[in-house]
Amino acid sequence: MNHKPIKILIAKPGLDGHDQGAKVLAIALKNAGFEVIYTGLHQSIDAILNTSVQEDVDVIGISIMTGNHLRLTEKLVEAIKKAGIDEKMLLVGGNIPRQDKAKLKELGASEVFPTGSKFDSIINFIKENIK
Amino acid sequence: MKDKIKDVILESGINVKPVYSPDDVAGIEYKNDIGNPGEFPFTRGIHPLMYRSRVWTMRQYSGFGTALETNQRFKYLIENGQTGLNVAFDLPTQLGLDSDDDMADGEVGRVGMSVDTLKDMEDAFDGIPLDKITVSITINAVASILIAMYAVLAEKRGYDLKNLRGTSQNDILKEYVGRGTWIFPVEPSMRLIADTIEYCAKELPKYSPVSVCGYHIRESGANPVQEMAYAFLIAKAYIDDVLKRGIDIDDFASRLSFNFDIHGNLFEQVAKFRAGRRLWAKIIKNDYGAKNPKSMCLRMIAGGGGGGLTIEQPENNIVRGAYYALISALSGTQTMALCSYDEAYTIPTEKAAMISLRTMQILADEMGLADTVDPLAGSYYVETLTTQIEDKIVGCMKEVEKQGGIVKAISQGFIQSEVAHQAYDMERRIQSGEIVKVGVNKYTVDEAEHEVELHSFKIEDTQKQIDRMKAVKSTRDEGNVRESLRILKVNADSTGNLMPHIIDAVKSYATLGEITKVLKQSFGEFQEPLLR
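As given, the protein sequences belong to chains A and B, one line each in that order. Counting in my numbering, the first sequence runs from 1 upward without gaps. Counting in my numbering, the second sequence runs from 1 upward without gaps.
Check before you lean on any hint, since a few could be wrong.
Within a straight-line C-alpha distance of at most 27 Å, the following computed DSSO-like cross-link-like pairs (lysine-lysine) qualify [claimed, not checked]:
{"no.": "1", "chain 1": "B", "residue 1": "K458", "chain 2": "B", "residue 2": "K437"}
{"no.": "2", "chain 1": "A", "residue 1": "K118", "chain 2": "B", "residue 2": "K119"}
{"no.": "3", "chain 1": "A", "residue 1": "K105", "chain 2": "B", "residue 2": "K119"}
One-sided excerpt, in silico: chain A residues whose CB lies under 10 Å from chain B [stated by the list, open to error]:
{"no.": "4", "residue": "H18"}
{"no.": "5", "residue": "G21"}
{"no.": "6", "residue": "V24"}
{"no.": "7", "residue": "A26"}
{"no.": "8", "residue": "K82"}
{"no.": "9", "residue": "G84"}
{"no.": "10", "residue": "K88"}
{"no.": "11", "residue": "I96"}
{"no.": "12", "residue": "E128"}
{"no.": "13", "residue": "I130"}
Treat the hints as calculated values from the structure; they're not laboratory data. Just so we're clear, the structure is a prediction, and the values are computed from it rather than from any experiment. C-beta atoms are modelled at their ideal positions from N, C-alpha and C, and glycine is treated no differently.
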């Protein structure tokens with residue numbers, strides 16, 4: 001039985017500066033008992049990968065509001081696989097059009113939480129699906 | 001009966017009474033506290049006749065792809081009756097990166113137009129009369145470079161810089177709180193802003209070099225009182241820096257403008273703007289000793305905020321946008337822009353942007369909003385709220401000043417953490433149903449997972465932009481570029497206004513990325529404080 005709290009990285013990949021959602025979710029997850037690290041803005045894929053490895057997080061959550069979610073997710077998944085840490089849960093959030101949800105999951109996202117997602121649905125998904 | 005009435009408490013913390021009467025406004029004296037439109041303290045508006053003499057400027061935010069595509073969109077908007085341009089730049093441009101930078105991948109031309117060199121700005125405004133259409137550029141960290149490009153292209157086209165109008169956003173302090181397109185640390189960023197204000201006061205006296213934004217602070221979670229208070233404190237920080245250079249307040253204060261947000265309670269927003277105008281006039285007159293009434297006028301763009309829009313039942317956002325426009329008109333704004341109904345999930349489609357423009361036109365031409373100035377003046381409720389909100393803004397400003405001032409509060413991340421926690425609290429209350437949001441937590445329907453129309457973006461176009469930059473690079477005089485960048489570096493390492501040197505670099509067709517890189521070498525980069 002693992003008594004350590006689940007550790008989550010909330011990251012802002014790329015140039016997007018809209019971080020209200022990422023910060024709000026980071027606070028919500030912390031209040032729900034998770035250990036949360038928020039990267040801050042303008043993170044390169046390498047920086048996100050390095051933080052994930054160094055902090056040994058269980059979940060990587062990325063938030064993208066610009067519309068560049070497919071490209072960034074594809075690159076991050078590639079980097080994650082290359083680093084051999086693809087057992088980690090990958091969540092994608094932000095301004096995600098409905099038609100892109102399936103595409104993101106195909107790329108390797110464990111789940112997609114677009115704008116408007118409820119805290120409880122994210123919290124429950126993590127609790128129920130964490131390995 | 002009495003215990004059935006629930007308390008109504010506005011976001012500003014004001015408790016709303018069910019009925020207001022003459023007793024509530026007995027202490028308000030018309031001449032001193034409200035005043036006629038166009039007269040101190042400008043509560044009712046900054047012009048005597050307001051929209052009766054000239055309706056608000058309609059300035060939808062737009063720009064995408066290369067300068068050539070953006071130029072086409074600008075012309076389309078002007079043909080459809082838009083009276084100003086509000087240029088959106090892509091994120092690589094906003095962050096001073098060239099289109100071929102690794103970090104720019106997938107972002108070139110996505111959320112705005114891409115600019116690498118002066119050539120892009122020349123093409124974007126080709127054929128657009130810059131003496132008739134005022135251009136607002138939404139750019140912050142590298143505003144000094146884009147202002148330089150705009151001034152150079154205008155001069156090349158034969159316009160007299162002394163009469164050139166326009167606005168740049170150029171408000172870096174709010175970027176650290178919300179919106180996030182910062183590059184350099186706080187101090188050198190503030191220096192660049194003072195440089196642009198000083199340069200414009202001397203060379204482009206009709207240009208508005210800074211538009212201080214409460215908007216993004218509110219979008220990040222601030223309440224309406226904090227929105228105004230923080231914006232005023234930020235504006236004061238810029239003013240104080242410019243005054244230190246020995247420039248008279250009346251030589252630049254009238255060219256400062258503001259950008260505010262509209263969503264939430266209608267009356268609270270209208271009162272916020274009336275209170276803001278009155279307080280700003282007092283600050284400039286009393287605290288800074290300005291003599292020219294124009295210096296005391298709070299000029300603003302007030303637009304419908306994306307924060308009020310919902311991804312659920314998106315067509316409801318058309319209605320919300322119309323109410324936001326109504327609030328904006330009732331508030332005496334100079335310029336109006338609306339977030340479009342699809343902005344909760346995409347960059348506005350052409351159709352959505354057109355609905356926003358028509359919303360404003362319907363208000364002006366059909367609904368009588370331009371007929372008389374400040375029509376809510378004298379309302380017991382609105383005048384009471386105006387006074388209450390002004391008091392609260394003053395209180396909020398004092399609180400920040402007591403703790404060391406706005407620059408420190410932002411540098412150390414206090415404001416960021418405060419508004420983030422407020423945003424969390426607001427979201428929690430919406431999710432619990434405590435705050436009603438129609439279509440989100442009340443009157444909800446099962447919405448089919450249908451596909452939505454999206455703004456088209458072709459990732460392949462990145463190469464087009466990179467090719468444009470390469471073409472410029474192949475024809476420019478490299479010696480000129482190197483020399484102008486060398487001189488810029490020397491001056492950035494020293495003191496003195498950088499604008500003349502940035503202008504020289506721009507004229508040599510140095511790229512935005514090259515110029516920014518020089519400044520990064522001198523200034524370093526901002527380290528984001530931790531979220532507390």
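Status of the hints after comparison with the structure:
Between B/K458 and B/K437 the CA atoms are separated by roughly 35 Å; this puts the pair beyond 27 Å, and the hint is violated. The straight-line distance between the Cα atoms of A/K118 and B/K119 is roughly 46 Å, outside the 27 Å bound, and the hint therefore fails. This hinted pair does not check out: A/K105 and B/K119 have alpha carbons roughly 41 Å apart, beyond 27 Å. Against a cut-off of 10 Å between C-beta atoms, the interface hint on A/H18 holds, since the closest Cβ of chain B lies about 7 Å away.
For the restraint placing A/G21 at the interface with chain B, the shortest Cβ-Cβ distance is roughly 9 Å, inside the 10 Å limit, so the hint holds. For A/V24, the suggested interface contact is upheld, since its CB lies about 5 Å from the closest CB of chain B, less than 10 Å. This hint holds: A/A26 has a C-beta 6 Å from the nearest C-beta of chain B, less than the 10 Å allowed. Taking 10 Å as the C-beta cut-off, the interface hint given for A/K82 is violated, the closest approach to chain B being about 17 Å.
Taking 10 Å as the C-beta contact cut-off toward chain B, the hint placing A/G84 at the interface is violated, the least distance being around 23 Å. For A/K88, the interface hint is violated, since its Cβ never comes within 10 Å of a Cβ in chain B; the closest pair sits about 22 Å apart. The criterion of a C-beta within 10 Å of any C-beta in chain B is met by A/I96, whose closest approach is roughly 8 Å, and the hint holds. Given hint, A/E128 at the interface with chain B, is violated; its Cβ is 19 Å from that chain's nearest Cβ, farther than 10 Å.
A least Cβ separation of about 22 Å between A/I130 and chain B goes past the 10 Å threshold, and the interface hint is therefore violated.
When each numbered hint is compared with the structure, violations occur for hints 1, 2, 3, 8, 9, 10, 12 and 13.
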